[in-house]
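Trainee: Assemble the whole structure, with the sequences as input and the hints as a guide.
As you go down the protein sequences, you meet chains A and B in turn.
Residue 0 is where the first sequence starts when you use numbering that gives the first Met the number 0, and the numbers rise one by one after that.
Residue 0 is where the second sequence starts when you use numbering that gives the first Met the number 0, and the numbers rise one by one after that.
One should not assume that every hint holds.
One-sided excerpt, in silico: chain A residues whose CB lies under 10 Å from chain B [as the list claims (entries may be wrong)]:
| no. | residue |
| --- | --- |
| 1 | Ala8 |
| 2 | Arg13 |
| 3 | Thr18 |
| 4 | Ile21 |
| 5 | Glu63 |
| 6 | Thr72 |
| 7 | Asp74 |
| 8 | Ser76 |
| 9 | Gln117 |
| 10 | Thr139 |
| 11 | Leu226 |
| 12 | Gly229 |
| 13 | Val258 |
| 14 | Ile262 |
| 15 | Phe314 |
None of these hints come from the bench; they were simulated from the model.
From the three backbone atoms N, C-alpha and C, an ideal C-beta is built for every residue, glycine too.
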Amino acid sequence: MSKLYNVSASPHVRDKVTTKNIMQDVVIGLLPAVLAGIWVFKVPALLVLSTTCVTCILTEYFYERFMKKPITTSDYSALVTGLLLGMNLPSTIPLWIAMLGSVFAILVVKQLFGGLGQNFMNPALGARCFLLISFTGRMTSFTVDGVSQATPLALIKNADKTVAVTETLASNGVSLFDMFIGTTGGVIGETSAIAILIGAAYLFIKRIINWRIPIMYLGSFSIFVLLFGGYGLDGSYLLSQLLGGGLLLGAFFMATDYVTCPITPNGRIIYGLCLGVLTGIFRIFGGSAEGVSYAIIFCNLLVPLIEKITIPKPFGYVKMKNKK
Amino acid sequence: MRGATFRGGAHPFEGKEMSKDLPIEKIFPEGDLVFPLSQHIGAPADPIVQKGDTVLVGQTIAKAGGFVSTNICSSVSGIVKAVEPRLTASGAKLSSIVIENDKQYTTIEGFGSERDYTKLSKEQIRDIIKEAGIVGMGGAGFPTHVKLTPKDDAAIDYVLVNGAECEPYLTSDYRMMLECPESIVGGLQVMLSLFPNAKGIICIEDNKPEAISILEERVRGVDRIQVKVLKTKYPQGAERQLIYAATKRKINSTMLPADAGCVVNNIDTVISIYNAVCKCIPLIRRIVTVTGDGANKPRNFQVPTGMSYKEVLEQAGGCTEDTIKIVSGGPMMGMALFDLNVPVMKTSSALLCMTKDEVAEFEPSACIRCGRCVSVCPSKLIPQKMMEYAESFDTEAFQAIHGMECYECGSCTYVCPAKRRLTQSFKQTRRSILDSRRK
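Mentor: Shown next as structure tokens:
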């Protein structure tokens with residue numbers, strides 16, 4: 000035969016979806032929250048976001064170039080890390096800190112552990128926690144419209160528990176509606192609940208994320224704060240806890256990070272439960288009003304253990320056990 | 000109507016439009032015919048003809064080499080040219096009987112004569128099926144008489160006819176459902192006569208509405224037989240998934256369908272049973288779909304077994320210049336051919352000419368642990384972890400996470416966004432584990 004045909008083991012067809020498509024969808028899912036952040040925090044937010052995105056991509060490029068590895072910047076994963084890190088920084092952060100965080104995220108958390116898919120911790124959150132510990136003051140000062148503001152969660156945490164939550168917020172000029180649309184103090188990407196929910200809806204529709212982690216996370220967290228928050232069954236307290244801080248951003252975009260969450264279906268449920276409880280503990284009993292980032296990176300470390308105990312029973316397995 | 004189904008599975012491009020409306024045409028071979036002695040699971044058949052012998056259409060040329068084995072019959076009349084190793088679709092050289100076709104198609108005595116199965120005993124029916132060399136024509140090639148001989152006939156509750164045809168592009172079973180529904184019902188009735196307590200269910204995916212209505216029409220008023228509509232999804236036609244969808248019973252890799260009170264047979268197998276028992280025609284032909292973007296003219300052919308793929312493709316009008324991969328079978332589980340000079344066997348189903356090789360096109364990249372492989376796996380495995388262990392040759396860990404339950408359907412590999420070659424690795428690992436168990 001004159002012509003040589005290709006030979007390979009089956010299957011011979013592939014789905015159209017690629018890693019790049021998925022990452023693009025995540026970027027699209029993040030856009031509403033990014034735009035809301037720029038709308039609330041104006042030019043400084045744009046500068047921070049551009050800095051982290053560019054630095055992340057360049058760090059990945061130069062590291063891979065230097066290590067003579069294939070260049071993977073075109074798969075958008077560095078861009079996702081850059082966006083997430085930028086969204087987790089206050090708009091007032093000096094740009095050199097944003098750059099330092101980006102290098103840390105890509106170089107230390109991602110590349111040194113083997114690059115895409117090998118990092119055991121979410122790079123953006125790893126970097127955020129690194130910056131939070133190193134530059135606590137600068138990482139926790141927030142300015143809205145030129146006025147420095149405490150985050151709604153910090154207001155609630157330091158308030159007298161006999162005063163209703165809405166009153167505490169109102170006396171500081173914040174309402175639940177503000178928290179919903181995002182005109183409150185906080186990091187760039189976390190303040191606008193509505194924008195995050197729109198982006199999350201997109202990811203649900205595109206089937207990039209599934210209900211297990213976010214719903215279990217938000218559900219277990221809600222139960223935890225109702226039990227231990229000190230306000231009893233107070234709807235507006237629960238709402239302020241859900242809308243405030245990085246919870247929604249974390250639950251939909253960072254806890255669901257493929258690389259650092261369990262791959263087993265039941266593992267994802269357990270993971271979500273752990274996240275909810277830990278976030279509750281950190282927020283209510285911890286020194287800071289925030290707890291999402293620490294809860295997620297702590298649970299990232301539990302992933303191998305969770306996976307180990309949640310390997311599903313294969314199809315038909317139970318029947319075999321019952322049969323003697 | 001919502002079809003019954005299983006959890007998981009993928010939705011590859013169906014591609015059945017190309018050949019689904021083309022009636023089956025009979026073709027005849029010009030060149031020599033090659034009959035590998037091992038076209039089935041189990042012991043190879045023992046040749047009973049020698050070089051120089053004259054054989055007739057339907058004549059047994061090799062006898063079953065054990066209980067789990069079956070006969071091979073000639074599809075043409077002519078002279079035995081040789082008994083020698085020949086290349087087959089799997090890439091292995093198998094001992095084969097080569098017959099020179101005299102183009103007379105002289106048949107053996109009694110070939111094609113009517114026979115009333117109700118006058119036959121169960122043993123006679125099973126013997127006829129064994130003599131006719133019938134095997135599972137869905138792809139595995141398990142000898143049918145073995146399937147039809149469970150420990151206890153009364154314990155069989157269901158006889159399932161697998162008309163799912165979930166492999167993309169294939170339309171051979173579909174055409175048979177449209178063109179010979181009476182043989183399907185007849186074959187099923189023969190099987191039901193073996194199992195007093197069984198109900199016959201013809202299972203068809205819901206992307207074949209014409210076949211469903213024709214068969215529903217045909218079984219109306221027929222005792223103990225019904226048509227069941229299944230959801231269109233790959234791998235709906237896999238034995239374990241089919242049994243589950245039709246009966247909600249589950250079996251695993253260590254069990255046979257009979258353990259769940261089921262007997263499963265492919266459409267073409269059922270027709271072959273009917274032909275063998277009621278028409279005295281052994282299994283000497285196969286329906287082959289010639290299709291794919293590279294096929295000049297897609298066709299559904301009735302091909303005598305032993306005919307070379309090369310001739311089949313030539314008679315179909317050949318393939319285009321830009322054909323880059325030719326697959327025997329469907330795109331999900333078929334075998335890529337490097338040489339078309341291989342014979343059509345009892346388990347062949349299609350000749351797929353592809354102008355795009357998506358395997359070569361995409362280089363595998365790093366796993367991002369997205370979990371798509373987990374959500375599609377019909378056996379509820381964790382392909383991502385199996386791959387980790389397969390790559391590090393950790394066969395024990397591979398087995399500990401139930402890697403041997405994999406039947407290589409390819410769904411995980413199909414959906415993988417990183418284009419990782421999961422099934423390919425699992426095949427190797429599973430072979431090496433099976434080999435080491437044998438030692």
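Trainee: All hints, please: hold or fail.
Mentor: Outcome of the hint check:
Contact between Ala8 of chain A and chain B, as hinted, is supported at the beta carbon level, the nearest pair being about 4 Å apart and thus within 10 Å. Given the 10 Å rule on beta carbons, the hint for Arg13 of chain A holds: about 4 Å separates it from the nearest Cβ of chain B. Given hint, Thr18 of chain A at the interface with chain B, holds; its Cβ is 5 Å from that chain's nearest Cβ, closer than 10 Å. For Ile21 of chain A, the interface hint holds, since its Cβ comes within 10 Å of a Cβ in chain B; the closest pair sits about 6 Å apart.
For the restraint placing Glu63 of chain A at the interface with chain B, the shortest Cβ-Cβ distance is roughly 12 Å, beyond the 10 Å limit, so the hint is violated. Because the smallest distance between the Cβ of Thr72 of chain A and any Cβ of chain B comes to about 13 Å, over 10 Å, the interface hint for this residue is violated. Given the 10 Å rule on beta carbons, the hint for Asp74 of chain A holds: about 7 Å separates it from the nearest Cβ of chain B. Against a cut-off of 10 Å between C-beta atoms, the interface hint on Ser76 of chain A holds, since the closest Cβ of chain B lies about 8 Å away.
For the restraint placing Gln117 of chain A at the interface with chain B, the shortest Cβ-Cβ distance is roughly 7 Å, inside the 10 Å limit, so the hint holds. Annotation: Thr139 of chain A was flagged as interfacial toward chain B, and the flag is violated, the nearest CB pair being 32 Å apart, outside 10 Å. Taking 10 Å as the C-beta cut-off, the interface hint given for Leu226 of chain A is violated, the closest approach to chain B being about 31 Å. The beta carbon of Gly229 of chain A comes no nearer than 38 Å to any beta carbon in chain B, farther than 10 Å, and the hint placing it at the interface is violated.
Interface hint status for Val258 of chain A: upheld, as the beta-carbon distance to the closest one in chain B is roughly 5 Å, under 10 Å. Hint on Ile262 of chain A holds. Least Cβ distance to chain B is approximately 5 Å, under the 10 Å limit. Proximity of Phe314 of chain A to chain B holds as hinted, the smallest CB-CB distance being about 4 Å (cut-off 10 Å).
Checked against the numbered hints above, the structure breaks hints 5, 6, 10, 11, 12 and satisfies the rest.
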